[in-house]
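Just so you know, the protein sequences line up as chains A and B, in that order.
Take the first sequence: its position 97, counted from the start at 1, is 347 in this note's numbering, and no numbers get skipped.
Take the second sequence: its position 262, counted from the start at 1, is 363 in this note's numbering, and no numbers get skipped.
These aren't lab readings, by the way, just hints derived from the structure by calculation.
A hint or two may mislead.
Stated by the list, open to error - Simulated coverage check for chain A against chain B, where a stretch passes if three residues somewhere in it have a Cβ under 8 Å from a Cβ of chain B:
(1) 383-394
(2) 421-432
(3) 436-445
(4) 465-471
What the hints assert, rightly or not - Which chain A residues face chain B? A few, computed with CB under 8 Å, are given here:
(5) E321
(6) D459
(7) Q474
Bear in mind that the values here come from a model prediction, so they are computed numbers and not experimental data.
Virtual Cβ for every residue (Gly too), placed ideally from N, Cα, C.
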Amino acid sequence: MIRSIATTVAATAFVASAAMAQDIKPAVVFDMGGKFDKSFNEGIFNGVSRFTEETGIEFGEFEVTAEAQREQALRNFARRGFDPVIAVGFAQAPALETVAQEFPDTRFSIIDMVVDLPNVQSIIFKEHEGSFLVGVLAAHASETGKVGFVGGMDIPLIRRFACGYAQGVKHVNADADVFQNMTGTTPAAWNDPVKGGELAKSQFDRGADVVYAAAGGTGLGVLQAAADSGNLSIGVDSNQNYLHPGSVLTSMLKRVDVAAYNVYKTAQDDSWAPGLQVLGLAEDGVGWALDENNADLITDDMKAAVEAARAGIIDGSIQVHNYSDDNSCPS
Amino acid sequence: MEQFTFFILMLDATARVSVPLILASMAGLFAERSGVVDISLEGKMLGAAFAAASVAWLTGSAWMGLGAGIVASVLLALLHGWASITHNGNQVVSGVAINILVAGLTVVLGISFFRQGGRTPQLAREERFLPLEWPGAQALADVPILGQLYSELLSGHNILVYIAFLIVPLTWWVVYRTRFGLRLRAVGENPEAVDTAGISVAAMRYRAMVLAGVLCGIAGTYLSTAQSAAFIKDMSAGKGFIALAALIFGKWRPKTTLLACLLFGFLEAASARLQGAFNVENASGAMAEFLKGLPFLIDALPFILVVLLLAGFVGTAVAPKASGIPYVKER
């Protein structure tokens, strides 16, 4: 009797789920900054969590803590039947290339890097466009005409942030000085807030009064140093304005949350497609953050200037050079 | 004049970044002078940083945080002592084990306490050690040289910085001018003789462990509650090992070890300011790459110097004779 009820319940549940949208078993592999870096990885986490809240479909997750784990984590998810699998971060590309070939029927999406395989969707962002906008804001907010940039690991992706930012600053004030620092050359550079703070202080010592951090967890130290010394900072990836209200000028938004959400959503309604997706200002993939925490810092003039720049970039009248095109920066 | 200001600000940064190195290397000095090799400086600092940030947040008091940091670090030091003094275990293995244990444990505890991915909640201003303004520092800031020295270099650090610089002469006095210090040095050079004189080798080494624990506790507290405003996983970022390098470079003596710490701190401050200081565009290919990499080479310099020292190129470094050898009483 009991068994027959259980079977009936199970059968009903099965019919019910099959009647709804296609059932998927998604997974995500975070990168070394960690799920709660208040920045890049956390944005992804927010996106996939939103999917779970809306659909009730749980996702498998893994936080990579050592280089060698990336390939294992991706392979484990694929072997256990997870589909689609999101690989977070540029550093997972080599691992994904291997694993995606081993599991040609599993759908993979990689964020921040291009992997050219028939079952891989590559999502990259035009960070230089968003960085250009916050550069415009920084130049307007700076009183000394000197602004700073603190990057995490020294890689072309982060140089793209730096280069777009410098162009935005120079677009407003051609004589401005842009100090640039990278925290390190290993993935540990994403998680060294003490060094980040020290780099920011070295820029304040040289006269900078606005600093833009594109450095994952390291950036928290940069924002803290700016708040401690009464200078302005610019957050990155997620909206970080709330961390130090009145000190964080704005945040360069990279809508990884939307991208991650869309991966699962499209997989669910079967419209997921492999290939390259490039998300820029026009696609609302990047942007700048305005909320109650920084409303007092952004004047109407600044708002007008940044909206003009945004419109200019979208209609093509302002060309933002992409560092990754030729591995060099004009300014 | 501008160059002088730059130089003063650089020394100011040197003082800031040297503090954890100074405290940790003095901790290592006590441990190694007593004959116990202490690789676990890093782990003790990290554990203290976590305990300090957690307790400071819970109680709202930076001083309670300092107390908790010291307690955590002393407990780890006693664990190291228990393994390597009481049970004659391999001191290097025990130290490495503590480093690994703490690196994992802090994150696990952090996740279960605060649910922020191993990070502790951000500390408010009153929960941290804030810079102390010396009397008249503002008024004297415009007086050339002496006024700048006073207002930029001497004034404006937090209390832990001053404590760290006072610890060094104190260490020297304890090690060279007290009965305890004489016995400490003897137990690290020739424990048999000390034992013959009726002094317990184990008790002496345990006392040294406790002192090392206290000093590492202050160092860790400085990282999470003074230099930054929260604990973040792996935030000690190898400082314990650089302190160990400074101890060897300083030949296990307080004064020279202080100088080594200041040198390494100065190198770190310099590398932050050298990045992007050269006009890379004018240099040719290989030269440009070299100039870009130079700041990172400077980061590696402490270790290069120690290797050169140990290889016998820059004088000789003679470790305490019994350092690293468990003392087994003859029966």
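Do the hints match the structure? See the list:
Coverage of the region 383-394 of chain A by chain B is violated. Counting CB-CB distances below 8 Å, 0 residues qualify, and the rule asks for three or more. Proximity of the region 421-432 of chain A to chain B, defined as three or more residues with a beta carbon under 8 Å from a beta carbon of that chain, is established by the 4 residues found. Note: the region 436-445 of chain A has 6 residues with beta-carbon separation from chain B under 8 Å; the three-residue rule is met and the coverage holds. Closer than 8 Å: that is the beta-carbon criterion, and the region 465-471 of chain A has 3 residues meeting it against chain B, so the requirement of 3 holds.
The restraint placing A:E321 at the interface with chain B is violated, with a minimum CB-CB distance near 22 Å, outside the 8 Å limit. A distance limit of 8 Å between C-beta atoms decides the matter here; for A:D459 the minimum to chain B is near 15 Å, and the interface restraint is violated. For A:Q474, the interface hint holds, since its Cβ comes within 8 Å of a Cβ in chain B; the closest pair sits about 5 Å apart.
Checked against the numbered hints given earlier, the structure breaks hints 1, 5, 6 and satisfies all the rest.
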